[in-house]
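Undergrad: Based on the provided sequences and hints, a complete structural model is requested.
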Amino acid sequence: MTSQFTPEQTKAIYNHNHDILVSASAGSGKTTVLIKRVIEMILADTSVKELLIVTFTEAAANEMKQRLISAIKDELKVNPTPELKEQLLLCEDANISTLHAFCLQVIKRFHYVIDQDRSFSLLTDDVQQQLLKEQTFDSVKNHYFKTNDTVFRQMYQNFMGDKNDDAVVSLFLSLYETVVSRPDGQAFLDELPKAYDLENSQTLAKVYAELTLQLQTIHQRLTRVLENEVSKDASLDKVEQTITQYLENSQQVLELLAQEIKDYNQIRTAFQSLTFKALRKPKELEDSQAFETIKLVVAGTKKQLKQLFERYLLLPYEEQQTLMQTSRYYVEKAVEVERRFMKTYKQLKEEQNVLDFNDLEQLTYQILTQDTELSKMARSFYQNQFKEVLIDEYQDINALQEAILAAVAKPDEGNRFMVGDIKQSIYGFRQADPSLFLNKYLTFTENPSLSNPNERIVLADNFRSNNPIIQFINSSFEKMMKQSFGGVDYDKQAHMKFGAKSYPQTVDSTPEFLFMDSETNKNSDVSEEKMVMHRIQQLFETDYQVFDAKLNQTRPITYQDIAILTPTRANNLSILQMFTEHGMPLYVNDAKNYFQTMELTVMLSYLTIIDNCHHDIELVSVLRSPLYQFDENDLAKIRIQSRDTDFYDALLTYQTSEDEILAQKVTQFLQDLHYYQDYVTQHRLSELIWEIYQRSGFLGFVSGMQNGPQRRANLQALYERAASYESAGFKNLYQFLKLMTKMKSYDKDLAQPILAEQAQDAIQLMTIHGSKGLEFPVVFVMGMGKTFSLQDLKQANVLNKDVGLGIALKGVLQNHHSQVDTLVKGLALDAEQTELLSEYLRVLYVALSRAKQKLIMTANVKKLEQKIELWDTYYDEAAQQVELTYLREGQSFMHFLGPTLSLSQKILNAPHFQSQPISSRYEAYFYQNDITDSLKTLEQEPITQSQKISSRLLEQTLDRLYSNTYPFASSVKTTAYQAVSEIKDRFSDPNLKELGATSHYQELNASNRYLQPITARPDFLTTSSYSAAQIGSATHLVMQQVDFSRIDEPDYPKNLLQELIDNDLIEKDLAKQVNLSYIESFLTTEFAHNIAHHQETLEREVSFSSLISAKTLFDDFTDRDAQILVHGTIDGYIQTSAGIILFDYKTDYINPGQKARDIAKIVSKYRGQLHLYTQAIESFAEQKVTKRLLILLSINEIVEV
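Using full-length UniProt numbering, you'd call the opening residue of the sequence shown number 1 and step up by one each time.
Treat each hint with caution, since some may be false.
Cross-link-like lysine-lysine pairs, in silico, BS3-like; alpha carbons within 30 Å at most [said to hold, decoys possible]: (1) LYS281 x LYS262; (2) LYS501 x LYS530; (3) LYS133 x LYS333; (4) LYS550 x LYS497; (5) LYS303 x LYS281; (6) LYS141 x LYS862; (7) LYS133 x LYS731; (8) LYS794 x LYS862; (9) LYS206 x LYS306.
Honestly, the hints are just simulated from the structure, not real lab data.
TA: What follows is the structure, encoded as structure tokens:
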């Protein structure tokens, strides 16, 4: 982008005092404009604290904050004022965040407005949320079955699939997501049954409108075929008669639909006349391809008519009424069940004191919009705080989020600045509602006035792409995208304009299509991956030049200039494998099938048999893996010797086999397995995983494989997931494996990309969704012919946010289909299909607009030649538009794009690429023959004598390196930062200078550098019963708050506890578990009064850090000069004239019958800890520690150590 802003950008930067919607096309510099607007406001004396800037992802929010910080630093270079420096400091705490983060802030500040406990935890894990919801629904379902609710049973049976009730669960959870994303969720539920009232609802009117739209489109299509194809050939007279007869019948139906008062049964009867006679090819016909195209058009029309009839006209009106009445009962019951589910789910979360992201939005909305004084106060607080509310990616907002931001905006003057592009709204699965953007786009004006002060600013200049790419996108999308399909009319105003004027005219930027036809050329070994590799190879061979804006000149292409975009992650791993085999570096940004990678399959199988060794499939998988390398013959020998047992028992038996070599392999494996089974009983799950990596060398092994860094990252992701799982309070290996199974079933992958620097000289492979916001000099869009995933449209029941809940009924009517769709379902299905395919069209726009200089699209189109002819029939030349109903039946990106291309002109055969395009818009190439031989791989040249010498030298060097022992190996197995609680046992002897010779290396091995902190039990799992550790921590908290000057006051401990509850320092339920008698008894002791007497020298909760020689902790530590940083917190000490008295509170249970024994154990347990405390205190205090006391609260005794 040039340093000069366009007139439209200038308006977006400087216009104020009214609401502004900025419609920013791809590459138009919207973020730069938003940041510049903020800078100008800061320079005009608006503090960054007076701005609310929200977006929808953490990454986007962090990038926004960093770009603002950089912009302020740049401004400081020319304008170094104290005020600007202050704004730089304020940026870190500024309200630049995701909307969820802002909601969290609102709830924490104004929780009392809705009586919300502010000590909640946030449930962020998608899988844990899903499990909690399923658990809740099971509870609700069981309630209804136990009460023997007849209507519920009928509804449930009707909603069930053929095999299980997954469809029922999915329906109610989807309904929940829809309801909680709306500010009027309960009203939405109320409206659902009303759609089934044929007499009073708008359902029939919507049915008639849909029938009219589709029949008119078919009428126009067949009229074009008649004029352009049939009428030109006299031999097609019978075809002409058939189509003409249809058109006459169709006109009659359209006239009935146009009447003011419509008769459903009359329309139904007339519709049944819309048939076609069988089309037979005339013998004298010369152009058989034209006839075949006509047949395909007619066949598609017949399919469309059949679908229309089954959705809207299958039953006479009277039977439709019966069907709708029965359906209404089911939908009413579904609404009741949904409300119970929502209530139960809320109660369950309240019991666990946890909120999810939906709760954040709902509670924030309640805080800001209720008609109470407290709510008005909260609303007024934010309205007064924020001079402006700036919203990035506004096209991704939903109705509830819109209502929240409207509530914090100023009510009397517009102060919202909304930036987005409806053409890039591709997050419908997150409940994004692009219609909110569209409504403002249509109602705001480019010339604001008193009657309409709201301003629309269109940023059309594209500073990213070269002109041929922009022209191609414009000319294609103006024929496809419209308000009724895609969300906006792609007219001249919506066109992108060429703004990157610095591109030299000599660079090649003509878009390309690479086609293959797997149906016609079944014997060819062509694939899309090979087409892409071949074209990349040619770009390098022809020294393709890329314009580098930083250098302001062209340079040869590099791998990192190239990005490959795919619709889904499904094939990314296979693409990676193929590129790797041909020596092309590829960086996978995201890859599906993480759980199917070799390394993860092996690890999960190993964990499974550690948990239960009698899983034969997983056991054999580990044996066959690179870890143990058993081959088929080995496994066969083992099985033959023990035919009637499971494989684990067979292994046990084979240890005594005469085949010593194989028996030794078996014994080694069993020793490893038993070692890990013992290990997991004494260590954390994450430690077990890391122990397998270390002991087996598996991490190093996969690192040396093809794509080693990615494989290593995959294993690291498994380890980190296990650590996270434990941090959430879970400990069981079986439950962890169950969680992994759930993640696979929910299609949730753990894979994390390798570090960005490892991808610096590599082609980038990512999904289209993952590429949003990015740009690349050369972009390949693969899978243009891949069929869309439309599974949601194949469900028996369909939910649409505008139409409602459309259901089908089973076995209600005699002599009809086993399942009959209601009219509401037909409407919901059409609406949902239109929305889903509209989003696919916007995804295509995002994909094509990522390219800066070269755009190459690849497609496998079955029966390509036939499709090309067919595409032309769905393009209305007069209207310059692709047929709407054709778009609404979209199957792939090429389904959308094909009719806009006029591909019936010659397509060039690859791999010969010509320098001049055959079209002013694009080039198209057809890969018909196998190109494997033309793909170059990294092949070895004949080995010379000097190379042989170098090879021997390499072998010797490798031997020396691999036999070398790292002198500080033990250092990598622990951390240089240790907690007192982790090393206290090493100091059990009271004399620090006389430490025993026993090595405690194994005890400290858990503290390896990769472990994350793990809490004993997470807050969100807290119920009315608390663990001993939690109660002990609460007791410590009370003791730390004791004011020893008040210990003689009546009921002081009770009053103190109530003060802590009132100040939100301790939960009320947890406070009830604190044994006040412990505290009361201690406060009557002589030592408590001694503390009161020395209160001026009392120190509590003293944190310290100190360095201890590593050899003090580890007898076999290789680096004898190394030091360990030890940290801890001392409960308290007092300074007396005789010295320092150190004390530590303990709530450990002591058995009255074994009192002496238990006290001795406690003293032994904590002696080392107190000695470390002593050492720390004496390092910074002027006195010596003369007494070390353990205060045993449970028995009210004080023991000197």
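Undergrad: So, against the hints stated earlier in the document, which numbers end up violated here?
TA: 1, 2, 6
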